[in-house]
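Visitor: If you read the protein sequences in the order shown, they are chains A and B. Under the numbering used here, the residue at position 144 of the first sequence is numbered 144, and the numbers go up by one with no gaps. Under the numbering used here, the residue at position 78 of the second sequence is numbered 1078, and the numbers go up by one with no gaps.
Check before you lean on any hint, since a few could be wrong.
Stated by the list, open to error - Chain A regions said to be covered by chain B (calculated; three or more residues, Cβ under 8 angstroms):
| id | segment |
| --- | --- |
| 1 | 36-49 |
| 2 | 276-288 |
| 3 | 354-361 |
| 4 | 394-400 |
Because the hints were derived from the structure by calculation, they are not lab data. Beta carbons are placed, not taken as given, at the ideal position from N, Cα and C, and that holds for glycine.
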Amino acid sequence: MPSLRRLARLAALLLLAGCQEQLAAPADCPNLCPGGYQIYEDTLFALQGQDSSAVGYVNAGQGSSLLVSWQFPLSEDRAVYKFARRTDSLFINGQNRAYTIDSLALEVTLGYRDTLVKGLKLFLYRLPVTVDSTTSFADIDAAFTPANTVDSFLVDDSVVTKRLRAVFIGADTSRLIIPAADSGVLALGVQIRADQGTGIKMGGAAAGSAGPSFTTYVTVPSTDTGKVSRLITPSVQFNTFVSQAPPSIDPDLLTLGGVPSARALVRFPWSAKLRDSATLVRATLQLIPAAPVTGLGEDSAFVAARAIVADFGGKSPPVSDASFSTVVPVLPGTTDTVSLEVRRALTLWQGATPAPPALTLSLIPEAASFSRPTFGSTRTPGLVPRIIVTYALKFPFNEP
Amino acid sequence: MSPDVRDLRLAAALLLLGLALAAPAEVAAQSSIFGVRGLGLPGRPLTPRSRATGGSFGLFDPESDLNPAALASQSAVTAGFVLTPSRRRWESPAGSSSIRETRFPLMYVGGPIPGSRIGLAVAIGSYADRDFRLASTGSVTIRGQQVEVTDTLGSVGGLNEVRLAGGLALGSKTSIGGGLYFITGSSRQDARRHFADTSFIAIRQTAELSYSGLGFSVGVTHQLTPGIRLAALVRSDTRAKVDVDSTHAFNIDLPYTFAAGVQIKGSRRLAVALSGAFRTWSGANSDLQAQGSPGSRNTFELSAGGELTRNLRRPTKLPVRLGVRYAELPFPVAVGGKPREFGISAGTGTRFAQERGGIDLSLEQVWRSEGSNYKERALTLILGLSIRPYGETRR
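With the rest of the complex left out, here is chain A:
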């Protein structure tokens, strides 16, 4: 059947001959564009009197860094480290055995410094072991005397961050002798000097490997005649930094950061149309600085905006999912409007069970930055926080 074979060949050829096509055809609008999106834009100003700052979220020492400054315009800060009790004996071969100190080492981490300020020098001081979270700058100021100096580090002008280590051997170990009255506890303070007023960030206990360490290298008898070497590294029991003149909160402004850290809660009007019918295309939160943002050199901090789960004022829990947070850097000296894209957060204000239409603002890192931006509020005309919302309403699918 030659004709059948020809048909089969033709069919096979056609099977192979898939040709190009366009998945979408060009539309000739408006005739071939039924419906069409309409884009709308609203500016939502914060609700009058429904925005405020509150303090006390993160205390000094709970952040990743400790602040140390000298003749700094904002304040003068000093870091305090207190190590846990160092044991006075070691358990070797079934017995508690007294040890002999061979040497000691102290390590601290310089986390950030302003390299435009030269001649930076860190000083370590012995502090009374009674220091705790209630200790103020004035309480310990008297301890920062030459007689209490443990050691100092001259930091090369090019260094921004560095692990600093001081080793005490032989007679120098006396500088770190812990009196019996201190029960094996060592407390240190950090102060700086430089060619001009400046500040630095030091690694704190929360900074992991960048935290301070106090190591005692000892020899301990293992038997009646033998000895072994050991090292003792007490953990950091407590660390903080104290400020000479902590700034107060201005109730007319929205303050972020500082110590203890401040956060702001800003409530916005949210219409039923936006809640139920809008597809959010973009939402930009605009915060207008009330004054140039304070800070250290080029050390940027970040302003974070997050939706809240429930509105309990200053104790409103923020949404934990980071994808609903927006973070933007703020450099010291910033005077321009700080803009945050908060569309994702605002989607939580929509739906059947919407989150409260409010945003909590905070500074990252908290209690670990010299930056302390203050923004206008509804009590400062012209500086009111606002959200510019761009959205589309329901597409007119029913237009045939």
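Since the structure of chain A is provided, determine the placement of chain B on it from the hints.
Guide: Chain B alone, transformed into the frame defined by chain A:
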């Protein structure tokens, strides 16, 4: 080689040919440019045999979803479906596009009631196709700046009809029939907007438009002379209730259809037919315009065609069918537009397995236009498969 084996091989080759033409089209669904507005492009639930004759045999064809009176002439219980892959090229002021689609415009089961003069059938047919995906670019002013946007609007689906119909032979010459239509279906629509400035998040919204309505038809066929057969049909469709995402949105009046045809058997080998139909789609005009559509208009169509039997002993083996058709389309793209189409068609078919299986093919070339702005050229393969499990029934 026995005749049965030859028939099977012929049927297999035709089927392979049909599938080969259909296969590349399965990747996407794009209907006519004239299916974007209104309810879409009106469907043609006809068998390949009727489509090959331009539709002129439709009023006389018991397997087509058209004239219930023709059901009285069924000679066998028959089940079948029709597959229509097509390729088309649009031309509009926005540009041109080559697109494809595959539809299943007809499925049917029917047959005579043994010992009676009644034939019954159930058919599912296409009422209107609304498959499209359109893309456009433009710019919008947002926050005081011009932002480039790309929009796409797509629709998949359309309206279908389920027909329950019966035909009764009143005598040797005249048959009458009636049909009840349940009009149903949905189109899933998808609208997207992408912004060139990625600060603006792309929008995507979807909706499902569902349709429901009823229709009734009565028809008649009459053997005027041994060589001349007449057919007529009146059909009334009520209103299509349109829901958007399960919420009632609006109604659209559906048309009356008046159709008539004549089939002339000039010789034992040749049969020709001429038929025309008028549909009152203008009844939907105000409903559509109220929703922002350009509206609709009454339509008239005329078709003519013929079938040449090559083998008088087996008339179903590879007959030659030809047809021509002119039709107005109901839903203009632009306000005041008068879309229309002209098509030519040809086809053939065969039966196998002692006439229990059937394959019919036709090829249809259609030119559609609305003024000089909107043009379309479509090539459609109509592939029909049918089975008659009990063979011919003696009445």
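Visitor: Run every hint past the structure and note whether it holds.
Guide: These are the hints, each one checked on the structure:
1. 36-49: holds (count 4)
2. 276-288: The restraint on the segment 276-288 of chain A holds, since 4 of its residues have a Cβ under 8 angstroms from chain B and three suffice.
3. 354-361: As far as the segment 354-361 of chain A goes, the hint is violated, because 0 residues have Cβ atoms under 8 angstroms from chain B.
4. 394-400: holds (count 7)
Consistency note: the structure conflicts with earlier hint 3 alone.
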